[in-house]
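Protein sequences appear in the order of chains P and H.
Heads up, the working numbering is the position in the first sequence plus 520, with the first residue counted as 1.
Heads up, the working numbering is the position in the second sequence plus 327, with the first residue counted as 1.
Hints are computed from structural coordinates only; laboratory data are not their basis.
Nothing here was measured: the structure is a model prediction, and the numbers come from that model.
Hints are supplied without guarantee of correctness; some may be wrong.
So the derived label-pair ranges between C-beta atoms look like this [claimed, not checked]: (1) P/Ser-718 x H/Arg-591: 12 to 20 Å; (2) H/Asn-551 x P/Asp-613: 25 to 33 Å; (3) P/Glu-523 x H/Gln-637: 41 to 49 Å; (4) H/Glu-366 x P/Glu-523: 16 to 24 Å; (5) P/Lys-720 x H/Gln-522: 39 to 47 Å; (6) P/Lys-720 x H/Glu-506: 53 to 61 Å; (7) H/Leu-605 x P/Gln-690: 39 to 47 Å; (8) H/Asn-551 x P/Arg-546: 25 to 33 Å; (9) P/Glu-631 x H/Ser-666: 23 to 31 Å; (10) P/Ser-694 x H/Asp-511: 41 to 49 Å; (11) H/Arg-499 x P/Lys-720: 22 to 30 Å; (12) P/Gly-625 x H/Lys-613: 37 to 45 Å.
Glycine included, each C-beta is placed from N, C-alpha and C at the ideal position.
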Amino acid sequence: MQEQLRILAGKMLADGRAARVLGWKRTDFETAPEPSFFTAQDDLSELVYNKYCAANLSGFMIGAGKRDGVTVVFLKPCDTYSFNQLVKEHQIDRAKAYVVGVSCGGNAKVEEMEDVGWLERCLVCTKHDHVVYDELVLDESLSRPEAQDRFGGVTRLEGLQSLERYEFWQGELSTCIRCNACRNVCPACNCKKCVFDSAKYDTAAKANVTTFEEQLFHIIRAYHVAGRCTDCGECARVCPQDIKLQLLNRKIIKDINELYGEFQAGQDTETLGPLTAFNADTDAEPSIVHTRG
Amino acid sequence: MYKVSATQLTDVLNTLAGTMDVFLPIRKDGQTNFGLYAEGVQADFDTLKTVKPPKEFFLPQSESLYKGVVDGKDIHIEPAAFADRPFVVFGMRGCDVLGMEILDKVYLGEPVDRFYEARRGHGCVVALACGRPASTCFCKPFGVDASDPQADVTAWLCGQYLYLEPVTERGRQLTHKLEPFLQDADAEDVAEYRQEIRERLEALPYNNLSLDALKDADMLEVFNSPVWDSVCDACIACGTCSYVCPTCQCYDIKDYNTGDGAIRYRTWDSCMYSDFTLMAHGNPRKTQKERFRQRFMHKLVYHPSTAGGQLSCVGCGRCVNKCPSSLNIVKIMKSLGVS
Numbered sequence: 521m522q523e524q525l526r527i528l529a530g531k532m533l534a535d536g537r538a539a540r541v542l543g544w545k546r547t548d549f550e551t552a553p554e555p556s557f558f559t560a561q562d563d564l565s566e567l568v569y570n571k572y573c574a575a576n577l578s579g580f581m582i583g584a585g586k587r588d589g590v591t592v593v594f595l596k597p598c599d600t601y602s603f604n605q606l607v608k609e610h611q612i613d614r615a616k617a618y619v620v621g622v623s624c625g626g627n628a629k630v631e632e633m634e635d636v637g638w639l640e641r642c643l644v645c646t647k648h649d650h651v652v653y654d655e656l657v658l659d660e661s662l663s664r665p666e667a668q669d670r671f672g673g674v675t676r677l678e679g680l681q682s683l684e685r686y687e688f689w690q691g692e693l694s695t696c697i698r699c700n701a702c703r704n705v706c707p708a709c710n711c712k713k714c715v716f717d718s719a720k721y722d723t724a725a726k727a728n729v730t731t732f733e734e735q736l737f738h739i740i741r742a743y744h745v746a747g748r749c750t751d752c753g754e755c756a757r758v759c760p761q762d763i764k765l766q767l768l769n770r771k772i773i774k775d776i777n778e779l780y781g782e783f784q785a786g787q788d789t790e791t792l793g794p795l796t797a798f799n800a801d802t803d804a805e806p807s808i809v810h811t812r813g
Numbered sequence: 328m329y330k331v332s333a334t335q336l337t338d339v340l341n342t343l344a345g346t347m348d349v350f351l352p353i354r355k356d357g358q359t360n361f362g363l364y365a366e367g368v369q370a371d372f373d374t375l376k377t378v379k380p381p382k383e384f385f386l387p388q389s390e391s392l393y394k395g396v397v398d399g400k401d402i403h404i405e406p407a408a409f410a411d412r413p414f415v416v417f418g419m420r421g422c423d424v425l426g427m428e429i430l431d432k433v434y435l436g437e438p439v440d441r442f443y444e445a446r447r448g449h450g451c452v453v454a455l456a457c458g459r460p461a462s463t464c465f466c467k468p469f470g471v472d473a474s475d476p477q478a479d480v481t482a483w484l485c486g487q488y489l490y491l492e493p494v495t496e497r498g499r500q501l502t503h504k505l506e507p508f509l510q511d512a513d514a515e516d517v518a519e520y521r522q523e524i525r526e527r528l529e530a531l532p533y534n535n536l537s538l539d540a541l542k543d544a545d546m547l548e549v550f551n552s553p554v555w556d557s558v559c560d561a562c563i564a565c566g567t568c569s570y571v572c573p574t575c576q577c578y579d580i581k582d583y584n585t586g587d588g589a590i591r592y593r594t595w596d597s598c599m600y601s602d603f604t605l606m607a608h609g610n611p612r613k614t615q616k617e618r619f620r621q622r623f624m625h626k627l628v629y630h631p632s633t634a635g636g637q638l639s640c641v642g643c644g645r646c647v648n649k650c651p652s653s654l655n656i657v658k659i660m661k662s663l664g665v666s
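Just chain H, with the same shape it has in the complex:
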């Protein structure tokens, strides 16, 4: 383990930015989101959760797939280039790192998504321990240790130092770039801080949810549960929960008319939307109840059935925090028997 004086954080970031794109949390107009670091930009490592999850650097909200250009009577197809620039997402929280693991199962499983694969291949993740977890957090039931998040590098901002523990080969290469600033440190140096975090987590209302009720859930039984009839009453069918979710993975493919052709691009989609999976015959889920149910069936039943039981939720609590109608996945899990 290494440590860097917090006063040298800017030097560290500038050094990294010299060889790769650095994305980190930046506060703007009262909200914090991951953005591109440049000299002079102030990083915000105090805010626990960014509004948008950092999955966007691997799965952008919208990205071009190819362009069709009309040239006389011909149409030329120009495929979009794969990402080839190295980057680091600096300060990802443990929940969001687990979110990437879930996306990997979908996008790196056969058939491999080449756009995602290229970004994953060029991206390094520095995970930051959560000094002050919030009351909406519930990552522990999903196996996340917010005091010791595992990514390419694990980081702790504790006292006057930034502590760095490289975990993977890619992480070691990254910390190697920072050698001039590094001092040796010991795991003991962050032990007390980690203990403090664990104690804070224990005091949170959702920290010890038991997910046993969802294990081996019978798909049809859950699907046909009367719970769905009323649990979505307050849902206004917006896409907030989907777009702030680190595991939501569905996209739509659309064409953009450029005047002399078209750009075919894909964009994050939300199963809450009326045109989600719209097909020639119409929409397979005609009511909000069905669309609402889809979101939670996917996360709590469908995904686990293909991923060895792993739920497609990481307990980040963004939906708990942001739903306009105070609905969220915990409420749904509880109505399905979680306690």
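So here's chain P without its partners, still in its complex pose:
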């Protein structure tokens, strides 16, 4: 597949259909390819595709769309949901993107450059097909790791007493170092100015002063991406402290599914999200306040 991608990229650059190609570049470590824009055909020998190409390139397309010319971008099936969601939110200029869908057999979790198994998101993957593409480069021989229950972790937490659940999150979030990697890597976190970066409000903080503050940061972020989070799992992948951030997002996804019916953000570019589609005349209030107190 890697060779096919190089040939495709080379043609697109050679005949001028594309100004640049967004893919993954070889580094000193096989397990750590780097997201990279290729503009010269000679550099394409550095283009790689393997199970370590975990970075979701959709977010980089926001900036790419502001540059001249078409950008070819390689997207794994789950990445295409992020891409679609960004098109829906008018963050990506679809006309300036040439999406090449690539097969995925799961991404490896890497620690100290060692392959230590699968990323959690790949163990619960439900996004097997590309929802947007201009061209597909597939490898049918790739097999995925055996699927586990995507909401299993959330269900386990829901089964805990509230104090136990509080202690669980206290334990997870107190290790946060406020590096903002989860926010910055998140395709849904595309505000030009984040409330946590504004000096005007007391929400601006770089410090892990109190656990209260950590909870605020992560919970506000989870609510801000509610209904828009595609569960791409980038936040959990990049967290240097391995905080189980996917559980927070998935809890909200599960609630949305149960309250408003099954919904997958990024499935298409038109359907309004369940939290933005309320029609006071025709929709009934889900009355969560009344049923949960």
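Fit chain H to the given chain P structure using the hints.
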């Protein structure tokens, strides 16, 4: 040199904890960080690198400087107390010890930072040799000997023993507290272990980087290098590299509204952030390229120009390991000519 039976390690730690705070690597949910030891806590000396560097015990991620309390029409200023409790950081790696030396140049140089000075004055460092250095390690080019790290006490966990070699007077006082457990040992006892470590280091990809290209680098030439135009393409502007770095030293000063006043505190900052050194007129570095360049100019050019050529990197490899986009300082050094 002394040795203690590894089976008595808990007794050693309990003895120390009786007279001072003991901070050591503790594993929690799959990640290891330095934390406060208490009886029953299991130390993790197997994990090579903690996620956060242990500099936080001398330069906490956030610390209060003073408090302003409103009392009627008056405002009382209550300065924060300086650290006055002795502590030991037990199991710091050689790279992180060198990181402290770099922080010392900044925080103990004029004007002396009193908060840092107080912590430095009360803290003792026991450095632990790296039995299994990782492929991301490159401390040797910076002059660190991972098989013989120099701090107040040098320690080796080798075979069935913990070997201790006090280096400074403070280190001698610390080992003195452990006298009931100590047996005499000889440098020869760890010689083979040290040799093994050196052989492992030699097999690592970055162990023999030559930093010559950065010596006497022309500041403006590096600053204006076309390298910066594309090398930061993949940077997502998070602060991971800064916050896991043992030499990153910049802080921001902020106020916390307590309702009846304010706490003025300082917090680690990252030059990757959009509000880094934000001033009334705006931000002097408006693009990510400029912010990215700042981080590496500081480490590879600015700091050396004021510190006798010493680079502000110690080769711990945490940024290599943790960057979400697989960027790191080695990549930057190489693009600037290091080989």
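Evaluation of the provided hints:
For P/Ser-718 and H/Arg-591, the hinted distance range of 12 to 20 Å is satisfied, since their beta carbons lie about 19 Å from each other. The given range of 25 to 33 Å is respected by H/Asn-551 and P/Asp-613, whose C-beta atoms sit roughly 32 Å from each other. The beta-carbon spacing between P/Glu-523 and H/Gln-637, approximately 46 Å, falls within the hinted interval of 41 to 49 Å. Range check, H/Glu-366 to P/Glu-523: Cβ separation about 59 Å, and the 16 to 24 Å hint is violated.
About 59 Å separates the C-beta atoms of P/Lys-720 and H/Gln-522, a value inconsistent with the hinted range of 39 to 47 Å. In this structure, P/Lys-720 and H/Glu-506 meet the distance hint of 53 to 61 Å, their C-beta atoms being roughly 58 Å apart. Distance hint check for H/Leu-605 and P/Gln-690: the Cβ-Cβ separation is about 32 Å, which falls outside the suggested range of 39 to 47 Å. Checked against the given bound of 25 to 33 Å, the beta carbons of H/Asn-551 and P/Arg-546, roughly 28 Å apart, stay inside it.
Between P/Glu-631 and H/Ser-666 the beta carbon distance is about 28 Å. The supplied range of 23 to 31 Å therefore holds. Distance hint check: the CB atoms of P/Ser-694 and H/Asp-511 are about 43 Å apart, consistent with the given range 41 to 49 Å. Distance hint check: the CB atoms of H/Arg-499 and P/Lys-720 are about 53 Å apart, inconsistent with the given range 22 to 30 Å. Separation of P/Gly-625 from H/Lys-613 is about 42 Å and conforms to the stated range, judged on CB atoms against 37 to 45 Å.
The structure fails to meet hints 4, 5, 7 and 11 from the earlier list, while all remaining hints are met.
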